[in-house]
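Numbering (numbering that gives the first Met the number 0), first residue to last: 0 to 145.
Misleading hints may appear alongside valid ones.
For lysine to any residue, the following SDA-like pairs were computed, each having C-alpha atoms within a straight-line distance of at most 20 Å [as the list claims (entries may be wrong)]:
#, residue 1, residue 2
1, K5, D103
2, K109, S98
3, K67, I100
Ranges between beta-carbon positions, derived for each pair [said to hold, decoys possible]:
#, residue 1, residue 2, range
4, M22, K67, 32 to 40 Å
5, A71, R39, 29 to 37 Å
6, G87, T33, 31 to 39 Å
7, E21, R56, 13 to 21 Å
8, L57, E2, 16 to 24 Å
9, A71, G113, 16 to 24 Å
What the hints contain is simulated information worked out from the structure, not anything from laboratory work. These numbers come from a predicted model, not from an experiment. The beta carbon of each residue, even a glycine, is placed where N, CA and C say it ideally should be.
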Amino acid sequence: MIEKVKYGEVWLADINGGIGSEMSGIRPVLCCSTNLGNSRSSIAQVIPITSQVKKKRLPTHVFLDSNKFGLAENSVALCEQSKCIEQGRLICKITELDSEIMKDIEHAIKINFGMVSPFENKREYQLQNDLHNKNIIIGGKTLCRL
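Could you build the full structure based on these sequences and the hints that come with them?
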């Protein structure tokens, strides 16, 4: 790799050495570290990307449409698996994500680090909690218990 990676770019990288469920191998990764940090350090913070879009989705997963972003397949950024890698592990730049999807990435990172709730508001949280407890509640009234 000759050029420095930039925030929001997707690169093919060699992240071999994973154990268990850690993503590893040669795969696309999204740079989520700052351009200032990337220019002054040999390390970059990246998020692995997988084409396994049918796996169980988490609030830390962000869907990436292949047609919109120039990827080979529809993919998912696994923000819960962010890691630091040596920039020398980066092989070639694939594409760059737009600011709109990067806001979704930033939100997923905040969820991962417990900085925000995965639920946008109290009502959504209550709905999720009630569904988990097998109650259907709308407008504050319990419609049915499952």
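Going down the list of hints, with the structure as the test:
no. : hint                   : result
1   : K5 / D103              : holds (18 Å)
2   : K109 / S98             : holds (16 Å)
3   : K67 / I100             : holds (11 Å)
4   : M22 / K67: 32 to 40 Å  : violated (22 Å)
5   : A71 / R39: 29 to 37 Å  : holds (32 Å)
6   : G87 / T33: 31 to 39 Å  : violated (19 Å)
7   : E21 / R56: 13 to 21 Å  : holds (19 Å)
8   : L57 / E2: 16 to 24 Å   : violated (32 Å)
9   : A71 / G113: 16 to 24 Å : violated (33 Å)
The structure does not agree with the numbered hints 4, 6, 8 and 9 stated previously, though it agrees with the rest.
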